[in-house]
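Student: For reference, the chains in residue letters:
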Amino acid sequence: MDKTSLLKIGDVLILSIEGEINDFSVVAMQDMLLREVANTSARGVILNISRLEIVDSYMARVLSDTAKMIRLMGGITILVGINPMIALTMVDMGLDIQEVKTALNLDAALEILRDLILLGPYSEASL
Amino acid sequence: MSRVEISSEQDIVLARQVARQAAIGLGFSLVDQTRIITAVSELARNVYTYAARGWMTVQELKKNTGAVGLEFVFEDQGPGIDDLQLALTAGYSSGNGLGLGLSGAKRLMNEFELHSILGQGTVVRVVKWTK
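Here the protein sequences come in this chain order: A and B. Residues in the first sequence are numbered consecutively from 1, following this note's numbering. Residues in the second sequence are numbered consecutively from 1001, following this note's numbering.
By construction, these hints were calculated from the structure, which means they are not laboratory data. Check the hints yourself; a few may be wrong.
In silico DMTMM-like links for lysine to aspartate or glutamate, alpha-carbon gap of 20 Å or less [unchecked claim]: (1) B/1106 to A/111; (2) B/1063 to B/1111; (3) B/1063 to B/1009; (4) B/1131 to A/92; (5) A/101 to A/115; (6) A/8 to A/23; (7) A/8 to A/92; (8) B/1106 to A/96; (9) A/8 to A/96.
Pulled from the structure, derived: some chain A residues nowhere near chain B, Cβ distances all over 12 Å [stated by the list, open to error]: (10) 20; (11) 23; (12) 108.
Simulated coverage check for chain B against chain A, where a stretch passes if three residues somewhere in it have a Cβ under 8 Å from a Cβ of chain A [to be verified]: (13) 1012 to 1019; (14) 1053 to 1066; (15) 1108 to 1118.
We treat Cβ as the ideally placed atom computed from N, Cα and C, and that holds for glycine.
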């Protein structure tokens, strides 16, 4: 796991994905994260991709799938750190990351998660 | 001209690194660097996913008008593409991707050519001009 770091703050896991990760490591990272969600009973997960160089269709797919899996396990995922270049490129390509909430930065993500965890899952739809 | 062999997942990362160096060298904007690296990532992954091995070549192009560009050619001797129109349709995938690799790469670059012969292989050529 040299390309990623995982932190836990209260009920929240923060996974930072580093720059030049290959496809195999992305899947290993997904496995590791899901195990940590189960082991720590985390309620929220923040995926920080501010150090990623690009988001291509494969990475978009993995991020989206990861969020779906975490939702199935009862957690909430927030994606943080899509830079302007990546946002432009994704829209050019027609790429979207489905079923994932996004936040501008870690502070905003923690705030959203705190509200969601406090208010419960039914408040998700109201955001 | 530089050449990158593609026969592992790590080679896709290497292709991205070579593309980034080339794009920085030609003075592309940060957004265009991101577009180029993303397109290269998609096309290199296609080589690995569908043909298992192949290669990418990169070279600088110059027009008489003074325009400068980067050309990437991806070549493999894999199974080839049965239906080119279908393969270029956004959302269609014969693999397990999002089906946006080829169509996405086309949208990110200025020029895009795809040649494929069933049973013989596939060549994809893309170019991005600095302006």
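Student: Of the numbered hints stated previously, which ones are contradicted by the structure, given in increasing order?
Tutor: 1, 3, 6, 7, 9, 10, 11, 14 and 15
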